[in-house]
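*Asks:* The listed protein sequences derive, respectively, from chains A and B. Under my numbering, the first residue of the first sequence carries the number 116, and numbering increases by one thereafter. Under my numbering, the first residue of the second sequence carries the number 11, and numbering increases by one thereafter.
Check each hint, because a few of them may be wrong.
[Said to hold, decoys possible] Stretch by stretch, here's where chain B covers chain A in the computed footprint (C-beta under 8 Å, at least three residues):
{"id": "1", "segment": "144-153"}
{"id": "2", "segment": "157-171"}
{"id": "3", "segment": "174-184"}
It should be emphasised that the hints constitute simulated quantities derived from the structure, not laboratory data. Note that CB positions come from ideal geometry on N, CA and C, so glycine has one too.
So you can see what is in the structure, the chains are spelled out below.
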Amino acid sequence: MTTQMVMYDEEFQQISTICERLGREANAKVVFLVDKNGQLIASVGATENIDTTSLASLTAGNIAATGGLAKLIGEKEFSILFHEGERDNLHISIVGGRVILVVIFDNRSSLGLVRLRVKKASDELNKIFDALLKKVQVPGAGSPFAEITDDDIDNLFSE
Amino acid sequence: MSFINYSSREINCKIVYYGPGLCGKTTNLQYIYANTNANAKGKMISLATETERTLFFDFLPLSLGEIRGFKTRFHLYTVPGQVFYDASRKLILKGVDGVVFVADSQIERMEANIESVENLRINLSEQGYDLDKIPYVIQYNKRDLPNAAPLEELQNLLNPRQIPHFEAVAPKGDGVYDTLKAIARLILTELKRGT
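With the rest of the complex left out, here is chain A (with noise of 0.2 Å):
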């Protein structure tokens, strides 16, 4: 079962930045990080006309078929998957085997370069995320949640 995915301002500062910087040096239109089960993480750039929540979950949908795939031939993932299109172009990673690392560019930049500047974000991010999971574990993180109540989920369904 996968650890509780939990994110702080911040680590989410953290994140933004290094993607940030990942979409200026790698000449990219949008950065995204999503985990593998769909949710949107950080998403930086021209977001505007983009359907972020669809396209977190299909990215990990698009993950996790080819995880699937990679065990049918004997591999334990394939990190990297790129989708050529005629204008814009998909590069997907897998980030220390926990999250996913989306980028989308045109011909301002090249697959080189930005399987380059992935590479570098893809360490920082990784501490980070180390980080985090260390901090989530720590006893007495506990849920915000924790202290709702039952009128607080009722309320939720009363209208």
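For chain A, the structure is supplied; the task is to place chain B on it using the hints.
*Replies:* Here is chain B on its own, set in the frame of chain A:
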């Protein structure tokens, strides 16, 4: 596994609708999608074959409101019900917070229902989950059909633990929201307990 984001003050949970082929999982999501306020729902995605059978999954993001300043978001997924899509079903169960089992009430689908519950139990345990411990509700769908089995019989066969169950006619919406509310409530109660 739910995702608590302190930064955006959000909590995200994953609900999976499971059940045999043509039991009405996608219809449940379609009804919810068609009858939810635009500001509370995202786009519904269906990865289906040309004949509208679910190939990989349907996906519908929903916002249910706020609890203690946290937005509660539920991601609804369906699995492909057809037996030979088992590899895909396993993938969709990853990170699940709660399961709705949609049973087909028709007498001739009883075997398919039983097989699907067994399959659910096995696939969950492969992911490290125990069907007896996670939030789980049953929906008996297609109650309006003349060949629907009596509720008692369905309960005996599919619900030995007497978990919450709902009778439904998904295309009309009967029981659809009741089922959704029940599973969402169980998930939030589980979060409160701090798993």
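*Asks:* All hints, please: hold or fail.
*Replies:* Against the structure, the hints come out as follows:
1. Three residues within the 8 Å Cβ limit are the bar, and the segment 144-153 of chain A against chain B gives 4, so the coverage statement holds.
2. Closer than 8 Å: that is the beta-carbon criterion, and the segment 157-171 of chain A has 3 residues meeting it against chain B, so the requirement of 3 holds.
3. Taking a C-beta to C-beta cut-off of 8 Å, the segment 174-184 of chain A contributes 5 residues in contact with chain B, enough for the three needed, and the coverage statement holds.
Hint compliance for this structure: no hint is broken.
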